[in-house]
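Undergrad: Start from the sequences and build out the full structure, keeping to the hints where you can.
Position 67 (the sequence shown) corresponds to 67 in the UniProt record's numbering; numbering is contiguous.
Calculated from the structure, these hints are not laboratory results. Take the hints with a grain of salt, since some may be wrong.
Said to hold, decoys possible - Below, computed lysine-lysine pairings styled on DSS-like, alpha-carbon distance capped at 25 Å: (1) 101 / 40; (2) 40 / 28; (3) 44 / 108; (4) 73 / 108; (5) 62 / 28; (6) 62 / 108; (7) 108 / 40; (8) 44 / 62; (9) 9 / 44; (10) 28 / 101; (11) 28 / 108; (12) 73 / 28; (13) 44 / 73; (14) 28 / 44; (15) 9 / 40; (16) 73 / 101; (17) 62 / 101; (18) 40 / 73; (19) 73 / 9.
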Amino acid sequence: MITYQEFEKVDIRVGTIIQADLFPQARKPAYQLRIDFGEKIGIKRSSAQITQHYQLQELIGKQVLAVVNFAPKQIGPFVSEVLVLGLSDPIGQIVLIAPDKQVPNGGKLH
Numbered sequence: 001m002i003t004y005q006e007f008e009k010v011d012i013r014v015g016t017i018i019q020a021d022l023f024p025q026a027r028k029p030a031y032q033l034r035i036d037f038g039e040k041i042g043i044k045r046s047s048a049q050i051t052q053h054y055q056l057q058e059l060i061g062k063q064v065l066a067v068v069n070f071a072p073k074q075i076g077p078f079v080s081e082v083l084v085l086g087l088s089d090p091i092g093q094i095v096l097i098a099p100d101k102q103v104p105n106g107g108k109l110h
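TA: In structure tokens:
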């Protein structure tokens, strides 16, 4: 069990994917994403292993949830700045977590 104060340390925000590219250097199939988290946080990059459920073109404009206060992580030649959140389907492929209605970029998960 954790306390509410511990939960508050994880900064989960909503952002809109504005660019999605193939990541051929990744060990497992992945995309490189650019996500707009609004004026305060800005545009951040992330690597996501979501190629089984999503095509590049359908990701543009999609809102997603991500942890924005992790230290950047070097993944091959790419620096991932946020952790996009998802759930595993029955065979372990990632399905993104997203709001079911449009919300302002940068909004914090409560």
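Undergrad: Take the hints in turn and mark each one as holding or not.
TA: Status of each hint after checking the structure:
1. 101 / 40: Given pair residue 101, residue 40 holds - Cα atoms ~21 Å apart, limit 25 Å.
2. 40 / 28: Violated, because 32 Å separates the two Cα atoms, which is more than 25 Å.
3. 44 / 108: holds (15 Å)
4. 73 / 108: Holds. Residue 73 to residue 108 sits at ~22 Å (cutoff 25 Å).
5. 62 / 28: holds (22 Å)
6. 62 / 108: holds (17 Å)
7. 108 / 40: holds (12 Å)
8. 44 / 62: Cα-Cα ~15 Å, so holds.
9. 9 / 44: holds (19 Å)
10. 28 / 101: violated (31 Å)
11. 28 / 108: Since the Cα atoms of residue 28 and residue 108 sit roughly 30 Å apart, the hinted pair is violated (cutoff 25 Å).
12. 73 / 28: Distance ~16 Å between residue 73 and residue 28 Cα, so the pair holds.
13. 44 / 73: Distance of about 12 Å is within 25 Å: holds.
14. 28 / 44: holds (21 Å)
15. 9 / 40: holds (18 Å)
16. 73 / 101: violated (30 Å)
17. 62 / 101: holds (11 Å)
18. 40 / 73: holds (21 Å)
19. 73 / 9: OK: residue 73 and residue 9 at ~19 Å, within 25 Å.
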